[in-house]
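Protein chains in written order, with my numbering: chain Y, 2 to 151; chain B, 2 to 151; chain C, 2 to 151; chain D, 2 to 151.
For the record, the hints were derived by calculation from the structure and aren't laboratory data. Because the structure is a prediction, the values reported are computed rather than measured. Some hints could be false.
Since copy identity is lost for identical chains, a pair holds within one copy or between any two.
Said to hold, decoys possible - Within a straight-line C-alpha distance of at most 25 Å, the following computed DMTMM-like cross-link-like pairs (lysine to aspartate or glutamate) qualify:
no.	residue 1	residue 2
1	Lys76	Glu91
2	Lys127	Glu98
3	Lys76	Glu15
4	Lys76	Asp121
5	Lys76	Glu136
6	Lys76	Glu44
7	Lys126	Asp112
8	Lys126	Asp56
9	Lys127	Asp93
10	Lys127	Glu44
11	Lys126	Glu15
12	Lys127	Glu91
13	Lys127	Asp108
Here's the letter readout for the chains.
Number of protein chains: 4
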Amino acid sequence: MAHPQLAGFPVVVETDVAWGEMDSFRHVNNVVFFRYFENARIEYLRRVGWFNLMDNTGLGPIVHSAQARFRRPLKYPDRLFVGARVITLEADRVTFEHRLVSAAWDDLAADGQAVVVCFDYRGNKKAALPFDLRERIDQLERTPGGLTTG
Amino acid sequence: MAHPQLAGFPVVVETDVAWGEMDSFRHVNNVVFFRYFENARIEYLRRVGWFNLMDNTGLGPIVHSAQARFRRPLKYPDRLFVGARVITLEADRVTFEHRLVSAAWDDLAADGQAVVVCFDYRGNKKAALPFDLRERIDQLERTPGGLTTG
Amino acid sequence: MAHPQLAGFPVVVETDVAWGEMDSFRHVNNVVFFRYFENARIEYLRRVGWFNLMDNTGLGPIVHSAQARFRRPLKYPDRLFVGARVITLEADRVTFEHRLVSAAWDDLAADGQAVVVCFDYRGNKKAALPFDLRERIDQLERTPGGLTTG
Amino acid sequence: MAHPQLAGFPVVVETDVAWGEMDSFRHVNNVVFFRYFENARIEYLRRVGWFNLMDNTGLGPIVHSAQARFRRPLKYPDRLFVGARVITLEADRVTFEHRLVSAAWDDLAADGQAVVVCFDYRGNKKAALPFDLRERIDQLERTPGGLTTG
Chain Y
2 MAHPQLAGFP
12 VVVETDVAWG
22 EMDSFRHVNN
32 VVFFRYFENA
42 RIEYLRRVGW
52 FNLMDNTGLG
62 PIVHSAQARF
72 RRPLKYPDRL
82 FVGARVITLE
92 ADRVTFEHRL
102 VSAAWDDLAA
112 DGQAVVVCFD
122 YRGNKKAALP
132 FDLRERIDQL
142 ERTPGGLTTG
Chain B
2 MAHPQLAGFP
12 VVVETDVAWG
22 EMDSFRHVNN
32 VVFFRYFENA
42 RIEYLRRVGW
52 FNLMDNTGLG
62 PIVHSAQARF
72 RRPLKYPDRL
82 FVGARVITLE
92 ADRVTFEHRL
102 VSAAWDDLAA
112 DGQAVVVCFD
122 YRGNKKAALP
132 FDLRERIDQL
142 ERTPGGLTTG
Chain C
2 MAHPQLAGFP
12 VVVETDVAWG
22 EMDSFRHVNN
32 VVFFRYFENA
42 RIEYLRRVGW
52 FNLMDNTGLG
62 PIVHSAQARF
72 RRPLKYPDRL
82 FVGARVITLE
92 ADRVTFEHRL
102 VSAAWDDLAA
112 DGQAVVVCFD
122 YRGNKKAALP
132 FDLRERIDQL
142 ERTPGGLTTG
Chain D
2 MAHPQLAGFP
12 VVVETDVAWG
22 EMDSFRHVNN
32 VVFFRYFENA
42 RIEYLRRVGW
52 FNLMDNTGLG
62 PIVHSAQARF
72 RRPLKYPDRL
82 FVGARVITLE
92 ADRVTFEHRL
102 VSAAWDDLAA
112 DGQAVVVCFD
122 YRGNKKAALP
132 FDLRERIDQL
142 ERTPGGLTTG
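I would like the entire structure built from these sequences, with the hints used as guidance.
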C-alpha cells in the first residue's frame, strides 16, 4: 500500500479493526487509536534496534506525551494502515508523527504525535540518545519529507 | 479526597490500577491513561445528563481530539483520582481538562485535554450544544477555577 | 496458511501480536487470548450473516460461556492464526471451538471453546436460531472434521 | 459488602464498570470479565506474597487455563464485587474459583475458574509450589467453604 497520506513514512503497519474495539457508540473507541499509533511506533523502535539496545544497556523509551486528532469514525470491518515517522530528533528525545489511513474511508482517519524520551531504566533517570541509535533513526528517515535534527 | 491538584474539579472518579494494565516495562501503559481520563469525562457527561439527552434526541458526544502529558510512571498497586472539568464551552463543543493524581506518588501523575463535539447521531452531522446541557455544565462548573464560555 | 492444527477450520483470521498486549511478565496477557478468539468468532458470525440478521430482526449472539487452555507463552513480535469452527449446533445455541497457532512457535499456542446463545435483543429473551442461519452455518462447516447437529 | 454469593471468599475486590468496557451490544464485552477475575486473583497472589517470592526466587504464577460462565449482562454505571478463592491446591498448581456480583443486579453476574501453575521464570520450567506459599494460601482459606488440598 502506498496511500498518498502515508508518503514519506518509513514505517507503516497494517491491522484489522477488531469488532471488540468498538464501544457503545458503535465505532472504535478513541482510546484504541493510541494503541494503533503505539503499534506503529513500537515497530519503528524495533527496526532501529532500540529493544536490543535496552536489553544491553538499560536505555529504553518512555512516552512523555501523546496527542491525537480523530478525523473519521472507524467501524468493524476495516483495514488500517498506521504510519510512524520521526519529525524531531533532540539530545534526549524524539518526536513521532503518526497517521492512520482507513481502507473503508480510503482516507486519513486520524493523526497525532508522541514524544518519546530516552530513559535509563537501571539508573532511573533521563539519558542522552546513544549515537548509534540516532544514526539508525537518521538513516531510516532519509526519505522525502523526513527529519528535522534538533 | 481533596488533593490540592484536583481543587476546582467538579468531577473526580477513583479507580485502582489493575495489574494487567502494566506493560512489559512494568508500568501502566500510556494508552491506559486515556481510558482513565475517559472514565472521568464519561462520569461528567452522565452527571450533566448527556446520556439521557442522547437517548431522547440522538445528540451525543464525539471525541474530536485528545492529549496527555505523562508525568510519573504508575504501578500496581496504586489508587488513582481522576478529575474532569470543562475549561472552554463553545457553540458546538466543550474542552475538558483532566488531571490524574496517584496515591502512591501523592502527586499529579498525568494531565491532559479532550475536545468533545456535539454530534447528531441520527442526522449524522455536527450540531449545536442544546441550551439545557450548556446550563447544566455551567452550573456544575460554578466553582473556583472554573469555566470560560466561548 | 494451512497449518495442520487448523485443518477443518472454515474460518481463520490472522493478526500480529501487539507489543502492548504483553503484561509485566513479558508475554501476552491471558485475557487477550479471549479477544483473539473473539476476533475469529466474529468473523465467522459475519460470514454466516448474523450481523445482517441482527439489524433486521434484533436476534443477535450473546456469549454464554468461554474457556481457554494456554499452551505456549506468546511474545511480540509474532503472527497469529486463529481458527473458529462450530462443533455443536443446538436449537438456541452454537458451540465454537477455537485454536490459535503462533508463527514463532510454528505450533498450537492455545485452544478453547465458547458457547453463543441466540438472543432477542428487542424482546429481551432467548430465541431459537433462525433456520436460514443454521443452514449457512451448516454449509460453512461442510468440511472434513466439521459439525455435530444437536 | 458481604453479599451471600461471596460468602467464604477470602479476597473480594471492588471496581466500577467503565463505560469504555461496553461493546457495540451496549453491555460489557465478555473478554473484560476475565480481566475482572484477574484483578481479584492478582490481589490474592499479592496477599499471600507471591510477587515478593517471584522477585526473590523467580518462581512466579502462569495461567494454565481459564473459564467463565456469564450469567447477567453488565452495563455502565455499575459497581462490581469480584471474589477469588483457592478450591484446589496441588503440588505445582492452584485452582481458583471466581465470582462476580453486580450491585445493579444485586446478584451473581458471572463465575469461573482459573488454574495457575508455579513456573520457574529463570529456569524456564514448571516448579513445585514453595512450602511457605502453600502455608499462606492455607491460612487465607481457613474459612468456611474453603480449600481442598491435593
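Evaluation of the provided hints:
{"no.": "1", "hint": "Lys76 with Glu91", "verdict": "neither (37 Å within a copy, 28 Å between copies)"}
{"no.": "2", "hint": "Lys127 with Glu98", "verdict": "within (22 Å within a copy, 27 Å between copies)"}
{"no.": "3", "hint": "Lys76 with Glu15", "verdict": "both (16 Å within a copy, 18 Å between copies)"}
{"no.": "4", "hint": "Lys76 with Asp121", "verdict": "between (39 Å within a copy, 18 Å between copies)"}
{"no.": "5", "hint": "Lys76 with Glu136", "verdict": "neither (39 Å within a copy, 28 Å between copies)"}
{"no.": "6", "hint": "Lys76 with Glu44", "verdict": "both (24 Å within a copy, 14 Å between copies)"}
{"no.": "7", "hint": "Lys126 with Asp112", "verdict": "between (30 Å within a copy, 21 Å between copies)"}
{"no.": "8", "hint": "Lys126 with Asp56", "verdict": "both (17 Å within a copy, 22 Å between copies)"}
{"no.": "9", "hint": "Lys127 with Asp93", "verdict": "within (7 Å within a copy, 41 Å between copies)"}
{"no.": "10", "hint": "Lys127 with Glu44", "verdict": "within (22 Å within a copy, 32 Å between copies)"}
{"no.": "11", "hint": "Lys126 with Glu15", "verdict": "neither (34 Å within a copy, 29 Å between copies)"}
{"no.": "12", "hint": "Lys127 with Glu91", "verdict": "within (13 Å within a copy, 40 Å between copies)"}
{"no.": "13", "hint": "Lys127 with Asp108", "verdict": "between (38 Å within a copy, 20 Å between copies)"}
Consistency note: the structure conflicts with the earlier hints numbered 1, 5, 11.
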